[in-house]
Amino acid sequence: MSTTQKPKKDLAAYIKEKRDKEELLKKESDPATRPRKTLADYIKEKKEAQNAVELEEEKRREERKQLEDEERKKLEDEERKKLEERKRIEDEERIKEAERKRRLEELEEEKRREERKQLEDEERKKLEDEERKKLEERKRIEDEERKREAEREKEREAERKKKLEEEKKRHEQNEKARKLDEERRDKEEKERIHREKEEDEKIRQIRENLAKNPTKRNYLEERKKEFEKFHGWLTNGRKDDFGEAKIILF
1 MSTTQKPKKD LAAYIKEKRD KEELLKKESD PATRPRKTLA DYIKEKKEAQ
51 NAVELEEEKR REERKQLEDE ERKKLEDEER KKLEERKRIE DEERIKEAER
101 KRRLEELEEE KRREERKQLE DEERKKLEDE ERKKLEERKR IEDEERKREA
151 EREKEREAER KKKLEEEKKR HEQNEKARKL DEERRDKEEK ERIHREKEED
201 EKIRQIRENL AKNPTKRNYL EERKKEFEKF HGWLTNGRKD DFGEAKIILF
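With my numbering, the residue at position 103 of the sequence shown is 103, and numbering never jumps.
Check each hint, because a few of them may be wrong.
Unchecked claim - Calculated pairs, DSS-like style, for lysine-lysine (alpha carbon to alpha carbon, straight line, at most 25 Å):
# : residue 1 : residue 2
1 : Lys21     : Lys81
2 : Lys46     : Lys16
3 : Lys154    : Lys139
4 : Lys44     : Lys21
5 : Lys169    : Lys147
Claimed, not checked - So the derived label-pair ranges between C-beta atoms look like this:
# : residue 1 : residue 2 : range
6 : Ile15     : Lys74     : 48 to 56 Å
7 : Arg64     : Arg100    : 23 to 31 Å
8 : Lys154    : Lys176    : 31 to 39 Å
9 : Arg80     : Glu56     : 29 to 37 Å
Hints listed in this document are in silico derivations from the structure and should not be mistaken for laboratory results. Ideal placement from N, C-alpha and C gives every residue a C-beta, glycine not left out.
Could you put together the complete structure from these sequences and hints?
Take a look at the structure:
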């Protein structure tokens with residue numbers, strides 16, 4: 001529809017205008033009622049007649065334009081419907097084609113999955129066979145190692161028993177030696193005590209003799225000083241009842 005189209009006139013106003021013109025023409029055609037015309041009247045009439053022709057032409061143009069607009073709208077509606085139908089068909093075709101492609105891709109993907117699965121199964125079976133062989137080899141080696149370890153354990157057990165027997169013998173020998181040593185030390189201790197008693201008795205007798213003979217006592221004290229000067233005390237570490245060291249005289 002054209003954007004320069006003039007607005008349509010009101011139908012009632014158009015009819016009224018036409019009737020007014022018809023009344024005017026009727027009055028003018030009657031000599032009794034027709035006023036005397038001047039130049040201005042003639043110009044006005046001519047202008048009005050021209051306007052009437054233009055109005056009629058405008059009306060026809062409007063009617064033609066309205067018919068053209070209706071026809072164009074009808075054609076546009078038909079074309080729009082055709083386009084919509086064509087678009088619908090094309091959309092359906094595209095959907096069908098997309099569905100066909102999707103289904104084809106799914107079939108291809110399914111085929112690839114099956115091929116991958118088959119390859120994976122074959123690879124897994126191969127790996128499982130290799131792993132099984134490795135486990136069998138490892139088990140064989142472990143069995144052999146257990147056998148060797150059992151033999152070594154028997155040897156170690158025999159060695160332990162041998163060592164225990166030797167240790168038992170050494171212990172018995174040590175115990176026997178310890179008892180002999182204890183007996184020897186007891187004997188030596190008894191002998192030492194006996195000697196000390198004899199020495200104590202000799203010292204007691206010497207003191208009694210010294211107490212009875214002062215000259216001999218002085219002589220012994222001089223000998224004692226000389227002995228301290230050159231050789232020091234020879235003592236067994238014991239002291240008598242008077243706090244003096246016991247001297248072994250040769």
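Against the structure, the hints come out as follows:
no., hint, result
1, Lys21 - Lys81, "violated, 47 Å"
2, Lys46 - Lys16, "holds, 20 Å"
3, Lys154 - Lys139, "holds, 22 Å"
4, Lys44 - Lys21, "holds, 13 Å"
5, Lys169 - Lys147, "violated, 33 Å"
6, Ile15 - Lys74: 48 to 56 Å, "violated, 29 Å"
7, Arg64 - Arg100: 23 to 31 Å, "violated, 52 Å"
8, Lys154 - Lys176: 31 to 39 Å, "holds, 33 Å"
9, Arg80 - Glu56: 29 to 37 Å, "holds, 35 Å"
Checked against the numbered hints above, the structure violates hints 1, 5, 6, 7; every other hint is satisfied.
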